[in-house]
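Undergrad: So the chains spell out like this:
2 protein chains.
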Amino acid sequence: MSDVPVQPQPKKPAGRTILASTIAKIYTSEIADKVKSLGYAPKIVGLLANGDPAALMYANWTSKTCNELGFDYELVHCDKQQLENKLIKANQDNSINGIMVYFPVFGDNQDQYLQQLISPEKDVEGLNYLYYKNLYHNIRFLDPPTNRKKSILPCTPLAIVKILEYLGIYNKILPYGNRLYGKKIMVVNRSEIVGRPLAALLANDGATVYSVDINNIQQFTRGDDLSEQKHKVIDLDSATASIDNLAPTCDVIITGVPSDHYKFDSQLVTNGTTIVNFSSARNFNDDIKLKAALYVPSIGKVTIAMLLRNLLRLIENNQI
Amino acid sequence: MSDVPVQPQPKKPAGRTILASTIAKIYTSEIADKVKSLGYAPKIVGLLANGDPAALMYANWTSKTCNELGFDYELVHCDKQQLENKLIKANQDNSINGIMVYFPVFGDNQDQYLQQLISPEKDVEGLNYLYYKNLYHNIRFLDPPTNRKKSILPCTPLAIVKILEYLGIYNKILPYGNRLYGKKIMVVNRSEIVGRPLAALLANDGATVYSVDINNIQQFTRGDDLSEQKHKVIDLDSATASIDNLAPTCDVIITGVPSDHYKFDSQLVTNGTTIVNFSSARNFNDDIKLKAALYVPSIGKVTIAMLLRNLLRLIENNQI
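Chains as they are written, first to last, in numbering that gives the first Met the number 0: chain C, 0 to 319; chain D, 0 to 319.
Because the hints were derived from the structure by calculation, they are not lab data. Among these hints, one or two may not hold up.
Claimed, not checked - Derived pair list, reagent style DMTMM-like, types lysine to aspartate or glutamate, alpha-carbon separation capped at 25 Å:
no., chain 1, residue 1, chain 2, residue 2
1, C, K132, D, D92
2, C, K85, D, D223
3, C, K262, C, D285
4, C, K231, C, D243
5, C, K229, D, D107
6, D, K231, C, D110
7, C, K229, D, D234
8, C, K88, D, D110
9, C, K42, C, E73
10, D, K132, C, D234
11, C, K132, C, D142
12, C, K171, C, D250
13, D, K231, C, D107
14, C, K182, C, D212
15, C, K229, C, D250
16, C, K85, D, D142
17, C, K79, D, D142
18, C, K85, D, D92
19, D, K300, D, D51
20, D, K171, D, D250
21, C, K42, C, D107
22, D, K85, C, D142
23, C, K182, C, D286
24, C, K132, D, D110
25, D, K132, D, D285
26, D, K79, C, E120
27, C, K229, D, D110
28, C, K132, C, D234
29, C, K231, D, D234
30, C, K63, C, D107
31, D, K85, C, D223
32, C, K79, C, E67
33, D, K132, C, D71
34, C, K148, C, E29
Said to hold, decoys possible - Calculated from the model, a selection of chain D residues having no Cβ within reach of chain C, i.e. all distances over 12 Å:
no., residue
35, K42
36, I87
37, L113
38, P196
39, K229
40, A240
These numbers come from a predicted model, not from an experiment. For every residue, glycine included, the Cβ atom is placed at its ideal position computed from N, Cα and C.
Whole structure, please, built from the sequences with the hints as guidance.
TA: Have a look at this one:
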């Protein structure tokens, strides 16, 4: 017996935190090999017109990864009003293989116009509505019925799918295309860029998805009418469906709320849930580690890997 | 001399109010003749998914005009979640020549996705970014250098240009493409659908345009570098440029504020100014008639005429 009081032991998490870099590695070596076999450095141009230090940081990070893997990355700074013409010139420049624009630029619908101005053949982020349309309708190829050119997926939703595959959420015993069957997944974000296409992707793979935004909760499922090749969306009744009662039933919770002030309430998370945060802000406090079976606190490095994977696919498509 | 006090006479407007129907007539007879020469009734489908009574009224009005001029108009009511598939089917249906969707549907960026899903070949409203891009860059044809297929202009900005032509604001003595040279025009609305493209169109024709939105005032001019085929935009300094000091200098004031509460201050309007309101709300009080040389209180009928003119142009383009 001693007089020294027993120090309260910090609780030990039951689960694991998985870093994006760990998952990205699986893809980066494959990407570097493919670039080597091309025999030249594919060129990607980033257009930065918003003066946002966070975008500049992301651009520098992309640049570093590009250089490591054998790509040629050029960052072009320009004025907002110059952006459209710079973009059109990059579309026409045969030495450029991929283009990305750091949004938001104007912060209104002009950004959608600019986004769609990126040539689909150089759209490494997969933002063209052509690609979103294929995603929503489960169409995998650009050139049916030949089916030699694979469609591109928007890189952030794609990164999240790859992360869920890595984490074993996709069950490989189930048939391909239905490997999320029986899973309940909450996605807190319904942006057109990530949240809504992600909910559709997961529903198309068999999950029941609760898509949360500031207005309501929608349920995405594969639906019964498979002939339409489109997931089914219903607005849930706010009197009975809430984050409070749905979150505890979920196998996976994915957040993407772009605010430092927002925190998902860990009390609503059942022990053993898988947690992925794709916001650049941390949407969970550290206590989530005591609840989560697997916790991926950020995904940026996987997203960049997907972007470069898309670029290689675009190059392949353009050769056909 | 009499004891009866002199009644104050109501002031008599010095200018004229011009109704849209008067201007539309010039185009409708031309349209009806062209339809007759086609030998069949072109079919236009309106997709209504927002349950908005104002949209239904506009649809009924379009239907009536279509029938009068020899078109076949079909209104399709559907659920928001069905709209995407209805739209894709209409794109694929060879019996349909033109498609319009009554926006807003979701009221967020999903509407841009749906808007861009309308096949450019059937996009009677001219909303595809392909057409906006041509507008911004003063590109008149879809198939350079052959130049047989004319590009489509978005129907509301086009209607306003046609109205300004009718009102004599375009000066025919000046060379084509510069017929607004020397004119100052204020446009109160900078939406991507109407206000911004309209400002660009007018600047491309030689005007100095003050484009007003809730955040700031921008000046659109043709600019000096004609090689870029693009108007020049600068943000005006809010310390010196305001509606109060710019409006009195303008030859034309065009408003499109979608609110019953908004009224443009008639005190800021110099006598003899031309006034056009394209909002469905009345953005001017009746006292504007004492100031305006020409006042066009609404433009809907001209817009519908332009829509049908676009449809005929699409049919011509598709025959080439």
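Undergrad: Run every hint past the structure and note whether it holds.
TA: Tested hints:
no.: 1; hint: C:K132 - D:D92; result: holds (18 Å)
no.: 2; hint: C:K85 - D:D223; result: holds (18 Å)
no.: 3; hint: C:K262 - C:D285; result: holds (10 Å)
no.: 4; hint: C:K231 - C:D243; result: holds (23 Å)
no.: 5; hint: C:K229 - D:D107; result: holds (20 Å)
no.: 6; hint: D:K231 - C:D110; result: holds (18 Å)
no.: 7; hint: C:K229 - D:D234; result: violated (44 Å)
no.: 8; hint: C:K88 - D:D110; result: violated (28 Å)
no.: 9; hint: C:K42 - C:E73; result: holds (8 Å)
no.: 10; hint: D:K132 - C:D234; result: violated (36 Å)
no.: 11; hint: C:K132 - C:D142; result: holds (14 Å)
no.: 12; hint: C:K171 - C:D250; result: holds (17 Å)
no.: 13; hint: D:K231 - C:D107; result: holds (19 Å)
no.: 14; hint: C:K182 - C:D212; result: holds (20 Å)
no.: 15; hint: C:K229 - C:D250; result: holds (23 Å)
no.: 16; hint: C:K85 - D:D142; result: holds (22 Å)
no.: 17; hint: C:K79 - D:D142; result: violated (29 Å)
no.: 18; hint: C:K85 - D:D92; result: violated (38 Å)
no.: 19; hint: D:K300 - D:D51; result: holds (19 Å)
no.: 20; hint: D:K171 - D:D250; result: holds (17 Å)
no.: 21; hint: C:K42 - C:D107; result: violated (29 Å)
no.: 22; hint: D:K85 - C:D142; result: holds (22 Å)
no.: 23; hint: C:K182 - C:D286; result: holds (24 Å)
no.: 24; hint: C:K132 - D:D110; result: holds (13 Å)
no.: 25; hint: D:K132 - D:D285; result: violated (37 Å)
no.: 26; hint: D:K79 - C:E120; result: violated (31 Å)
no.: 27; hint: C:K229 - D:D110; result: holds (18 Å)
no.: 28; hint: C:K132 - C:D234; result: holds (21 Å)
no.: 29; hint: C:K231 - D:D234; result: violated (44 Å)
no.: 30; hint: C:K63 - C:D107; result: violated (30 Å)
no.: 31; hint: D:K85 - C:D223; result: holds (18 Å)
no.: 32; hint: C:K79 - C:E67; result: violated (30 Å)
no.: 33; hint: D:K132 - C:D71; result: violated (29 Å)
no.: 34; hint: C:K148 - C:E29; result: holds (20 Å)
no.: 35; hint: K42; result: holds (24 Å)
no.: 36; hint: I87; result: violated (8 Å)
no.: 37; hint: L113; result: violated (9 Å)
no.: 38; hint: P196; result: violated (10 Å)
no.: 39; hint: K229; result: violated (7 Å)
no.: 40; hint: A240; result: holds (17 Å)
Violation of the numbered hints given earlier is confined to hints 7, 8, 10, 17, 18, 21, 25, 26, 29, 30, 32, 33, 36, 37, 38, 39; the remaining hints are satisfied by the structure.
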